[in-house]
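Okay, here's what each chain looks like letter by letter:
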Amino acid sequence: MTATTGTPMISMSGVDKHFGDLHVLRDINLEVDAGQVVVVLGPSGSGKSTLCRAINRLEPIDNGTIAIDGEELPAEGKALAALRADVGMVFQSFNLFAHKTILENVMLAPVKVRKANKADAEKKALALLERVGIANQKDKYPAQLSGGQQQRVAIARALAMDPKVMLFDEPTSALDPEMVNEVLDVMTGLAADGMTMVVITHEMGFARRAANRVLFMADGEIVEDASPETFFSAPNSDRAKDFLGKILTH
Amino acid sequence: MNVLFDNLSLYGNGFLGTIKLFLVAAVGSLILGTVLAGARVSPVPVLRSFGTLYVNTIRNTPLTLVLFFFAFAYPRLEIADVSFFWRACIGLILYTAAFVCEVVRSGVNTVPVGQAEASRALGFTFGQTMTEVVMPQAIRSVVPPLTNVQIALLKNTTIAAGFSVLEAGGIYANLSERGYNVFVGLLWVALGFLVLVLPLTLLQRNLDRRWSTAR
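If you read the protein sequences in the order shown, they are chains A and B. If you're matching positions, the first sequence starts at 1 in our numbering and goes up one per residue. If you're matching positions, the second sequence starts at 1 in our numbering and goes up one per residue.
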């Protein structure tokens, strides 16, 4: 979580990605400084999820380079696994390990990847579950929890690795409306603590409240890169005006 | 009844042989089969091809041929002196592993992609993703067909009688030498197998119940 001065936490340059004929990422250049909270907005199919997944190479790229904290992403293998351990990721569909209890979900990676000892890992896991408000559910299995609770566990699981960066890929899109806020509250708390975050979301309230910076993507390109105030009050591009017009009138 | 009680030690030793063969081959085939399934879904092309080749060769070879190979051809290769019992185990393990592999692989396909993605995102290597996250869930979803394969293995141990490992399938030959009614003798052998399969069926039910609540 500590910021190394100078080098950006995430830097992408000249990143290209195709899915067959579809050009999903077009010459993406992006630098995210440590401690920054970047919200990525855009219509579906604009490439924002792919951008997020490319940052820890869950989605390999065709061209360009991506570096985390100054370290370029290596090819598949042990070095990549080590780098991914420093990048927390939260998925739309939670993806908690279905055969493990809540506590085991949070402890597993620290024990297996970081080789932490079990007692320490458990203590830390309990503290994290406390922080996201689900310590009392620690012995249940993921399927026994609500979506909002599962997503908060997923956040705790990512935090247990002491990541330098947290990536959120539409963390609230699969949730019932009344559960969205409990997850956003946890994320807002993280942002306030100085975590570097890249958040793909449709939650405009969260973007206004917690983001330092808003990226607007369309057709695989970053069309706007502005502060939330500027973006929501005076967007530059027609694409962004059109997008905001559609979502803000509802 | 006389057939059974007069030859109790023959039956005892026969079924003991069956149980020993089965236990060794069951553990061996589950391990080898799971490793092969891992190879078949791995990102390394060489491993994938090896797994496919193995399964398609062994699965299509009659078990009798596999066991005959270890009984008669293997000693001529003069690699290492291995007892009949262990050669029978190796044959059964190699054969059954091909079936275990395919069952486990179909289980792997039931595990949502997100499970593997989440573990990769946390920094697990491919091996850790398989052993910690994918395989435990895959095996839970294929307990019934896996039990089938193991029951088939239990019965396949009788073929080992073909090369003089004492097990239950060979009891009748001894009985006929001693002049007993072979038909009655075989009924007792059949009953013995029923009794041996029972714990497997109970184990399957128990695992199914325990693991279905965990999901």
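Mixed in with the good hints there might be a few duds.
Quick list of simulated restraints, FRET-style, between CB atoms [as the list claims (entries may be wrong)]:
(1) K115/A / Y74/B: 38 to 46 Å
(2) N136/A / R209/B: 23 to 31 Å
(3) L16/B / D86/A: 28 to 36 Å
(4) A234/A / S212/B: 51 to 59 Å
By construction, these hints were calculated from the structure, which means they are not laboratory data. Where is the CB? At the ideal position from N, CA and C, for every residue including glycine.
TODO: Could you tell me which of the numbered hints above are not met by this structure, giving the numbers in increasing order?
DONE: 3
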